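Undergrad: Residue numbers (this note's numbering), protein chains in the order written: chain Y, 1 to 287; chain H, 1 to 267.
Calculated directly from the structure, the hints in this document are not laboratory data. From a predicted model like this one, the values you see are computed outputs, not experimental measurements. No residue lacks a Cβ here, since even glycine has one placed at the ideal position from N, Cα and C. Wrong hints could be hidden among the right ones.
[To be verified] Here are the simulated DSSO-like pairs of lysine-lysine, each with C-alpha atoms no more than 30 Å apart in a straight line:
1. Y:K96 to H:K184
2. Y:K96 to H:K188
3. Y:K189 to H:K137
4. H:K137 to Y:K243
5. H:K93 to Y:K189
6. H:K184 to Y:K251
7. Y:K189 to H:K255
8. Y:K244 to H:K93
9. Y:K243 to H:K184
10. H:K184 to Y:K189
11. H:K255 to Y:K244
12. Y:K244 to H:K137
13. H:K97 to Y:K243
14. H:K255 to Y:K98
15. H:K97 to Y:K98
16. H:K26 to Y:K98
[To be verified] Here are some, though not all, of the chain H residues that point toward chain Y, as calculated from beta-carbon distances under 10 Å:
17. G49
18. I50
19. L154
20. I173
21. W183
22. I212
23. P214
24. G217
25. Y234
26. Y237
27. M238
28. Y240
29. R252
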Amino acid sequence: MPINWIFKKSRNELEKGGRIPDAATQEEVEMTQTCPACGREVPLSEVWSNNFVCSCGHCFRMNARQRIDFLTDKDSFEELFGELYSTDVLDFPNYKEKLESICQSTGETEAVVCGTAKINGELCALFVMNPYFMMGSMGTVVGEKITRLFEYATESSLPVVGCTVSGGARMQEGILSLMQMAKTSGAVKRHSDAGNFYLVILTDPTTGGVTASFAMDGDIILAEPGATIGFAGARVIEQTVRKKLPAGFQKAEFLLSHGFIDKIVPRSEQKKVVSSLLELHHRRKRA
Amino acid sequence: MKTTAYDCVQMARSTKRPTGTEFIEKVFSDFIELHGDRRFADDPAIVGGIATMCGTPFTVIATEKGTNTKDRVYRNFGAPNPEGYRKALRLMKQAEKFRRPIVCFVDTSGAFCGIGAEERGQGQAIAENILEMMTLKTPILSIVIGEGGSGGALALAVADEVWMLENAVYSVISPEGCASILWKNSNKAAEAAQSLKLTAEDIYGLGVVERIIPEKGDIHKIFGRLGTDIYSWYRRYMEYTDEELLEARYQRFRKIGIEIDEKGLNK
Ligand SMILES: [Zn+2]
């Protein structure tokens, strides 16, 4: 089978969300995905059953629904603000068409999915970004949904768990995208000032305006192994400083050693680590 | 000939324009510069300190691009490193403690894209400024005097009011960057500039700034008028309680984005 076809097919199937392995046909189960780290052809059945991790340790990207399935208790997720969709506010060239086609191919209305869920029984407000929706870029609706989620969590005294993946602010919405960094941060700050817990998991890649706002605002910041996390893109930096970048630059391990994240957590341990941290942050009265 | 968006970009970048420090010195009196972030270094791309206007002390902060070739290199062409943003935040917290209003002059192509900047947490530094400025209990005014370059500009522009000079620009990405990412062609920068809606007029139309300051053909004569405007801004904001101030600041940014009808849906 031609590799491209497999990717296209598997992507479309994967991005529709839901519990893929149940819905997968025999043919799809037998298909493979190339691991960008070790080059091995990994059967999709193995990808799915191993939390989207290759035996070499490489974490395949997950769409928002797959990650929600992976992280939360079965049937506990209740979506919020799913009715909001993006419009072409600035009349930006080709943006309308791009939005239409991406909505169709992903079955999503935007690059973030929000709601409430339980993680090993721990109730939380949850946002999960989607790398397959315009590279998880933040426009006005992504900003609005995340802001609303933090406001909802503040009102309900719920902790927020967020999974970031983003190329940064969405340039097709110009300055309005940039302003979402401030808007979301305002809501994060109010949530925090009210004594609520915010845990963020940085996944590959988390860059630009998302790194420079709510991705770095967590009380506890976790990251997936090998995830690229940074402000500026590696190529832009290389062009600016005209030097080769050091090995491992902007990887999760690099951020850990430079003191910008709390812990790198492999997928196999994520659910347990997140639920333990949620439990440890139950509000307590002083004796 | 009609001025295009890209003409505006080039005007905003012109080295003939006064730089941040000149604005501080000509709009305010008695400027005392204060240095360093107390953590790593002093970033010459950001200048800050205390100055007075009509006897009232203000905390003033500006990005500084430099005034000649040597100075521009020293100032890193106005592209701040994380320590610059951390210095700015330190001075802003000091302003809050001593109840001084804050005025920021923004003129930067963006936060510096360098190896050291990433090692020292450029994203984290900007994020922290944005987060903390949201709830600083003192009035903040930011004025984009030249280039308002993305997150690197926003890190000094989470304010109660943001003004733009007539020929300043404010954008999520440089037109060159936008063109090279979207169309793999940085020569299409003029087209990108048009599409990004980054001129003062466009930004005002989008409700992102409160005021456009006319340059009246000679930006070097702007300082007196600007001082008067800043002082009357300060007098107005003196009236607010802390709660009113922070609520208004929250709502200022909260409303930017999609228009929502009474059912909470897109209009
Ligand atoms: Zn592998």
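Undergrad: Taking the hints in turn, state whether each one holds.
TA: To see whether the hints hold, each was checked on the structure:
no.	hint	in the structure
1	Y:K96 to H:K184	20 Å, holds
2	Y:K96 to H:K188	20 Å, holds
3	Y:K189 to H:K137	14 Å, holds
4	H:K137 to Y:K243	43 Å, violated
5	H:K93 to Y:K189	16 Å, holds
6	H:K184 to Y:K251	26 Å, holds
7	Y:K189 to H:K255	17 Å, holds
8	Y:K244 to H:K93	38 Å, violated
9	Y:K243 to H:K184	22 Å, holds
10	H:K184 to Y:K189	38 Å, violated
11	H:K255 to Y:K244	43 Å, violated
12	Y:K244 to H:K137	44 Å, violated
13	H:K97 to Y:K243	42 Å, violated
14	H:K255 to Y:K98	25 Å, holds
15	H:K97 to Y:K98	48 Å, violated
16	H:K26 to Y:K98	48 Å, violated
17	G49	25 Å, violated
18	I50	26 Å, violated
19	L154	6 Å, holds
20	I173	5 Å, holds
21	W183	9 Å, holds
22	I212	14 Å, violated
23	P214	21 Å, violated
24	G217	26 Å, violated
25	Y234	22 Å, violated
26	Y237	18 Å, violated
27	M238	23 Å, violated
28	Y240	17 Å, violated
29	R252	9 Å, holds
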